[in-house]
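Enquirer: Listed here are the chains, written in short residue letters.
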Amino acid sequence: MKYPAFALPIVLLLPFAAAHAAPDHVPDWVQQAVDNPVTLPRAEKNAKAVYLLEDTLLTVGPDGHAVTRYRAVVKILRPQGREYALPGVSYSKDEKLLSFHVWSIGSDGHQYTMKDKEYRDVGEEGYGILYNDERARVASPPGADLGGIVAWESESQFPGYLNEDMWEFQYLIPKVHSVYEIDVPQGWHQRAVWFHHAAVQPAEIAPGHFRWEMRDVPSIDVSDVPLVPSPRALAGRMSVHFSASPIPEGDALWASIGNWYEGLASPRTEGATDVAASARSLAGDSQDFMARIAKVADYMQQKIRYVGIEIGVGNLQPHSAEDVFKNQYGDCKDKATLLVSMLDAVGIRATWVLVDTRRGFVDPGTPSMYGNHAIAAIEIPKGYDNPRLEAVVTAKTGKRYLIFDPTNAYVPIGQLPVYLQGGYGTLVAGPDSQVIELPVLKPDLDVTDRSAKFELAADGTLKGDVTVVRSGPSSGGLRHRLTESSDKERTESLEGSLRNDFSTFTLNSEDFKNIRNLDQQLVTQYDVTAPAYAKTAGSLLLVRPRVIGSDAEGLNDEERVYPISFESLGTWRDSFDVKIPSGYAVDEVPDPVSVDMGFATYRSEVKAEGDTLHYSREYVLKKLALNADQYAQLKSLEGKITTDENSTAVLKKRE
Amino acid sequence: MLTALRRSVCVSFLLFASFPALAAPTWTQPTPEELKMTADPAAPNAPAVYLFREETVDDKLHFHSLYARIKVLTEKGKDYADVEIPYEAHGFTIRNVEGRTIHSDGTIVPFTGRPMDKLLMKSGDRKVMEKVFSMPDVQVGSIIEYRYVLAYDDNLLSSPEWYVQQPIYVHKAHYHFIPFDMSGSRYVTTRDSQGHEDVASRLLYFQHLPHDAKVTEGFNGFDLAVDDIEALPDEPFMPPMHSLSYRVLFYYSPFTDGVQYWKTEGKYWSKNVDHFATPSDKLKSAVSQMVAPGDTDEQKLQKIYAAVMKLENTSFTRTHTAEENKAEGLRVKTADDIWEQKRGYDDQIARLFLAMVRAAGMKAYAMAVTNRDESLFNAGYLSWRQMDDEIVIVNAGGKEEYFDPGQRYCEFGKLSWKHTETAGIRQTDNGTEITTTPGLSYKDNATRRYADIQLDPDGKVHGDIRILFAGAQALRWRHAALRNDEEEVKKDFEDELQRVVPPGITVKTDHFVGLNDYTTALMVMANISGTMGTATGKRVFLPGSFFEAGEKPRFPETTRETPIDLNYASDVADQVTIKLPANMTVESTPQDTDIPVQQLADYVEKCRIAGNSINYGRAMLIGTDLFYAKEYTTLRDFYQKASAHDQEPLVLKVGPMPVATTATTSVKPQ
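Residue numbers (the UniProt record's numbering), protein chains in the order written: chain W, 1 to 655; chain V, 1 to 670.
Everything labelled a hint here was simulated from the structure, so no lab data went into it.
Any given hint might turn out to be false.
Straight line, CA to CA, 30 Å or less: simulated DSS-like cross-link-like pairs of lysine-lysine [unchecked claim]:
{"#": "1", "chain 1": "V", "residue 1": "Lys653", "chain 2": "W", "residue 2": "Lys652"}
{"#": "2", "chain 1": "W", "residue 1": "Lys653", "chain 2": "V", "residue 2": "Lys653"}
{"#": "3", "chain 1": "W", "residue 1": "Lys513", "chain 2": "W", "residue 2": "Lys442"}
{"#": "4", "chain 1": "V", "residue 1": "Lys641", "chain 2": "W", "residue 2": "Lys652"}
{"#": "5", "chain 1": "W", "residue 1": "Lys463", "chain 2": "V", "residue 2": "Lys641"}
{"#": "6", "chain 1": "V", "residue 1": "Lys508", "chain 2": "V", "residue 2": "Lys491"}
{"#": "7", "chain 1": "W", "residue 1": "Lys635", "chain 2": "V", "residue 2": "Lys508"}
{"#": "8", "chain 1": "V", "residue 1": "Lys36", "chain 2": "W", "residue 2": "Lys303"}
{"#": "9", "chain 1": "V", "residue 1": "Lys118", "chain 2": "W", "residue 2": "Lys303"}
{"#": "10", "chain 1": "W", "residue 1": "Lys513", "chain 2": "V", "residue 2": "Lys552"}
{"#": "11", "chain 1": "W", "residue 1": "Lys117", "chain 2": "V", "residue 2": "Lys284"}
{"#": "12", "chain 1": "V", "residue 1": "Lys508", "chain 2": "V", "residue 2": "Lys579"}
{"#": "13", "chain 1": "W", "residue 1": "Lys513", "chain 2": "W", "residue 2": "Lys453"}
{"#": "14", "chain 1": "W", "residue 1": "Lys115", "chain 2": "V", "residue 2": "Lys118"}
{"#": "15", "chain 1": "V", "residue 1": "Lys122", "chain 2": "W", "residue 2": "Lys117"}
{"#": "16", "chain 1": "V", "residue 1": "Lys76", "chain 2": "W", "residue 2": "Lys488"}
{"#": "17", "chain 1": "V", "residue 1": "Lys552", "chain 2": "W", "residue 2": "Lys463"}
{"#": "18", "chain 1": "V", "residue 1": "Lys118", "chain 2": "W", "residue 2": "Lys326"}
{"#": "19", "chain 1": "V", "residue 1": "Lys399", "chain 2": "V", "residue 2": "Lys491"}
{"#": "20", "chain 1": "V", "residue 1": "Lys326", "chain 2": "V", "residue 2": "Lys284"}
{"#": "21", "chain 1": "V", "residue 1": "Lys118", "chain 2": "W", "residue 2": "Lys635"}
{"#": "22", "chain 1": "W", "residue 1": "Lys117", "chain 2": "V", "residue 2": "Lys333"}
Keep in mind the model is a prediction, meaning the values are calculated, not measured.
Hey, can you work out the whole structure from these sequences and the hints?
Expert: Now the structure itself:
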């Protein structure tokens, strides 16, 4: 919670001292970047700004301490490009800031050099992070306007506990010239791995000094692109590993990363007697593997609050299981650590999986320790099986693991949150560490069933009861929102969603069942009255048979460049009965729809049976991702769904 | 704002009182009822409630202390376990953080963690930190109990601001304030928002409290006890209700009361304004060149306003740094400088307009207003920080007119809606006074939407859209164009329109007319294409209202606690023509409709068939910007009925395409 101070404390504000006179000349490297003629390709005609130069140099000392020097020159091409001309550098206890300089050139050609006292320092915020020691030094340079140039240079210590750096040469705006250099001591090694770009060979411009260079790197512009993966999962990048020892490649490098993390995290699980006692108490006498892990998992999900406190290496290394248990709070890696520790106490082996919630960011071809989340893998005893074990992977060792996210309190053990499905992660298993593909749950394991019985009056009023039953990981998001909502907010939220289906309505009653009972389906039941639902047109009464809910995605007509990414696989089914008013007969119903696109099927039908209009449909999504060239197919499907959802049945007054 | 320094108070004698060694306070023993409470009948939807909250301020000993007991009722309520206390780093510290969590079974888990200091912002000599800590083992049903002390240097005072109404329900709260002793040789200096230093001789306070609560003053300071305080409301379309929350605000003041405060502060402000807006010879010369001797006051005003509107208003582009101004040899001391450099921020430009009008020989006054989109002016709250922007009042031909030159491209003689019906301080012939600005009529905020649509036999449509905006909407888009380029604004406009037109339709903005011309309505031309409506074997159903087909009902919630703020009255009228293909005829159209809400709103819709065209007209008029909570049902009903009518379809019969009766000439390829 944000707690306001009693009163904002009172101090005298001192005006900025007058800037002392100093010659304002940009450095040569800035001037050279500015002087180089730039012609952006047509595809970049809407670029808001452009990096004329981005240049990173990582210098590793013989003692392993490293320093990063970063330089950037940005030109503002459109007024809204000002947002890219805000120099800044992060620093922390382990990434001490050594220097920061900012220059700018106004559109009138005037050159400026900013003074130290003109910079600001701000704390960095992260979702759920109560405290971290990361700060940023930022600047608002003069002349940062249309046609203006902003340049900055920073030097900061590279964290001593890391031996991998990342060169993100592709960004939201184009880059004319991007350079990455690493200088390692004699006898040291470096290995570069590439993501979404063919490997580029470096030039060794001096012994141990390697230089990679890119020119005219296109932007990743995902604004207004529907169903698009995270830009971080699309942008090209290079990870460079450096070490005094030879650096393995491929699977061996993944193993090395996992092994290193195990050394960092594993001690944090040890020596907690309270944890062990609690775990044994939770597991009870049950000998069934699933029952035992479910008890511990439930405890993690229901009792351990998400609170992030990260200092220095603490952004990678978990707090001790003992502390997490004592405080009953922790962040993702803390929760995974406590889980590992508790399961260990009841004789079940578990470990960490380092992942990223932006599906596609972690790539098996790009061994790297970068990611934004930690979850757990629980080793399944040989020969054991249980229908609840849905999110299972088999490692190269032949061991089977149940993948579980203890941070997500709304997806039960056995399943996997949708944001993780189909991604990759580092299974931390000592020398057997490896990259694993996270499971994708089948469409029949993530189901939404909407059913309703309505009665239509001759004046067009529709009244009826609706039941929506959700099962599978997709229901986790709704369970979360409902849990965090009051009764009033739940009602208002449901009313808000019914706006999409009715122009006028009254929600008479509503009920939500099994919100936190993750083993049970999430059930929403409500009773709604919608005056003027059916529209009168002379002797006709016009009814939309698809009364509630939509399966359509909002697409646009822009040329598709990026792949298509769905949130999850799943099955959505509707079954609605509308009893028509006496004195009316069904005159026309929409044609049935049946589409099979391979990656999805959609079937819908409206039938008149006696005095009832019955609408049924089923939409099954079978693939998580499509190529950009399948966009036309998807649009065709979505067009058919939209048409079906808005189609009209005609009732006619009997003569 | 031209000046926005913060209220500051300094003790002029260095006091040698040190922070006291407080006796270790005891915790409160929870009652069995508190422990077993799972929901609170007094706050049925609350995630958590304050069982008790106490703020104690001792300006003699230079500390504030807070003690809180919070009952967690839901998962969401666990958020209250994370405590974040922002404070100024220079001169202030947070100390003595203590706490404990009590489970519903009575188990106590003491807080043994280490509170951490997090940097929020450091700029120049100013540094704002935040003390953060998280309470241990907090579960639904827990009682969180914590306390801390904010201590400050001996040469500083910090009179309290008690915000009695909190985001969650408060069962009981107690506040106590021991002010600094200003008797004898001790005195307090204050610096107001205008930069004036003065000796504070009194302690004033403003209170807005429930009718049964009152601050009492005794030998040992000020005291307040309150019970059962509702949580701050949070509803969509709500006026800035935080301005009306229960509170008590104390001030060390050189003034005897609020009347004297506003009079004196108004005088300082007015003097600043007059100094800046001096009708200098330079401005007189400039004005004499832009107006003709025979011009009426209105004509002079129009010309001056037009000249001022041409200047770059950096409030809508970018603030230029002192370095830039220095490099350009610019300085800003008076309106002359703004005129000379052709740019300034909103209040500077307003003052330039004021100066030029005065230079033209007219009586003109500045007015500082509270922006109604953010807060409401409260005369009992003795702070100039309430003032956001400045506007100008001109006496033209014996009648006072209001101008908003600081809002670039605001229509001549009109105010931006956020400056309407709001209070503030204005200059008068005899000083200053608190007054209220005029409102806007629905006629001032007119929107006219035209669509000319051709329906093809295959169900595809294409056509043109023309939309004219006056008033608030025109100003919104013009300001957007100042902040971004036209391409971006076209796209934003397109996205906004796309959301309301029928599904299947694609909108492309073609161009704007009058984006930089406040004297005319802003016109947007757009093209549409795609498909519209649905079909069965015999019929085609088109949406009855093209511009509202995708719009959702505005007020789905059935209940309402706070007034409804629509920002401004409005008048939206549509004319849509749909040309039908030869194989389609009209089977039925929506019935003509009028949904009036007396004095407040009206909705009219009519549909006519002319040959093979359908002409459809719709008008929605909202006559006021603010509705009382008791009018919510009426308002909701109005919008729902209008929305229901907007969804009435046009029903077309589909027949075979007529056979061409005249021979056509085919051209064979050569």
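Enquirer: For each hint, tell me whether it holds in the structure or not.
Expert: Here is what the structure says about each hint:
Taking the CA atoms of lysine 653 of chain V and lysine 652 of chain W, the gap is about 14 Å. The hint holds against a cut of 30 Å. As the CA atoms of lysine 653 of chain W and lysine 653 of chain V are separated by approximately 17 Å, the hinted pair is consistent with the 30 Å bound. This hinted pair checks out: lysine 513 of chain W and lysine 442 of chain W have alpha carbons roughly 24 Å apart, not beyond 30 Å. Between lysine 641 of chain V and lysine 652 of chain W, the direct Cα distance comes to roughly 24 Å. Compliance with the 30 Å bound is thereby established for this hinted pair.
Restraint check for lysine 463 of chain W and lysine 641 of chain V: the C-alpha separation of about 17 Å stays at or below 30 Å, so the hint holds. Using a Cα cut-off of 30 Å, the hinted pair lysine 508 of chain V and lysine 491 of chain V holds, with the two alpha carbons roughly 8 Å apart. Our distance criterion of 30 Å between C-alpha atoms is met by lysine 635 of chain W and lysine 508 of chain V, whose separation comes to about 19 Å. With a C-alpha separation of about 18 Å, the suggested pairing of lysine 36 of chain V with lysine 303 of chain W holds against the 30 Å cut-off.
Distance restraint check for lysine 118 of chain V and lysine 303 of chain W: the Cα-Cα separation of roughly 27 Å lies within the 30 Å cut-off, and the hinted pair is therefore satisfied. Distance check on the hinted pair: lysine 513 of chain W and lysine 552 of chain V sit about 28 Å apart at the alpha-carbon level, within 30 Å; holds. Our distance criterion of 30 Å between C-alpha atoms is broken by lysine 117 of chain W and lysine 284 of chain V, whose separation comes to about 41 Å. Using a Cα cut-off of 30 Å, the hinted pair lysine 508 of chain V and lysine 579 of chain V holds, with the two alpha carbons roughly 20 Å apart.
In summary, the hint linking lysine 513 of chain W to lysine 453 of chain W is supported, as the alpha carbons are separated by about 19 Å, within the 30 Å threshold. Pair hint lysine 115 of chain W plus lysine 118 of chain V holds up; C-alpha atoms about 25 Å apart against a cutoff of 30 Å. Restraint check for lysine 122 of chain V and lysine 117 of chain W: satisfied, since their Cα atoms lie roughly 10 Å apart, inside the 30 Å limit. The hinted pair formed by lysine 76 of chain V and lysine 488 of chain W meets the criterion: a straight-line CA distance of about 14 Å does not exceed 30 Å.
As the CA atoms of lysine 552 of chain V and lysine 463 of chain W are separated by approximately 20 Å, the hinted pair is consistent with the 30 Å bound. Restraint check: the Cα-Cα separation between lysine 118 of chain V and lysine 326 of chain W comes to about 23 Å, which is no more than 30 Å; the hinted pair holds. Using a Cα cut-off of 30 Å, the hinted pair lysine 399 of chain V and lysine 491 of chain V is violated, with the two alpha carbons roughly 42 Å apart. At most 30 Å may separate the alpha-carbon atoms for a hinted pair to count; lysine 326 of chain V and lysine 284 of chain V meet this at roughly 26 Å.
Of the pairs offered as hints, the one joining lysine 118 of chain V and lysine 635 of chain W is violated, with about 49 Å between alpha carbons and a cut-off of 30 Å exceeded. For the hint linking lysine 117 of chain W to lysine 333 of chain V, the alpha-carbon distance of about 24 Å falls within 30 Å, and the restraint holds.
In this structure, the hints that do not hold are numbers 11, 19 and 21, in rising order.
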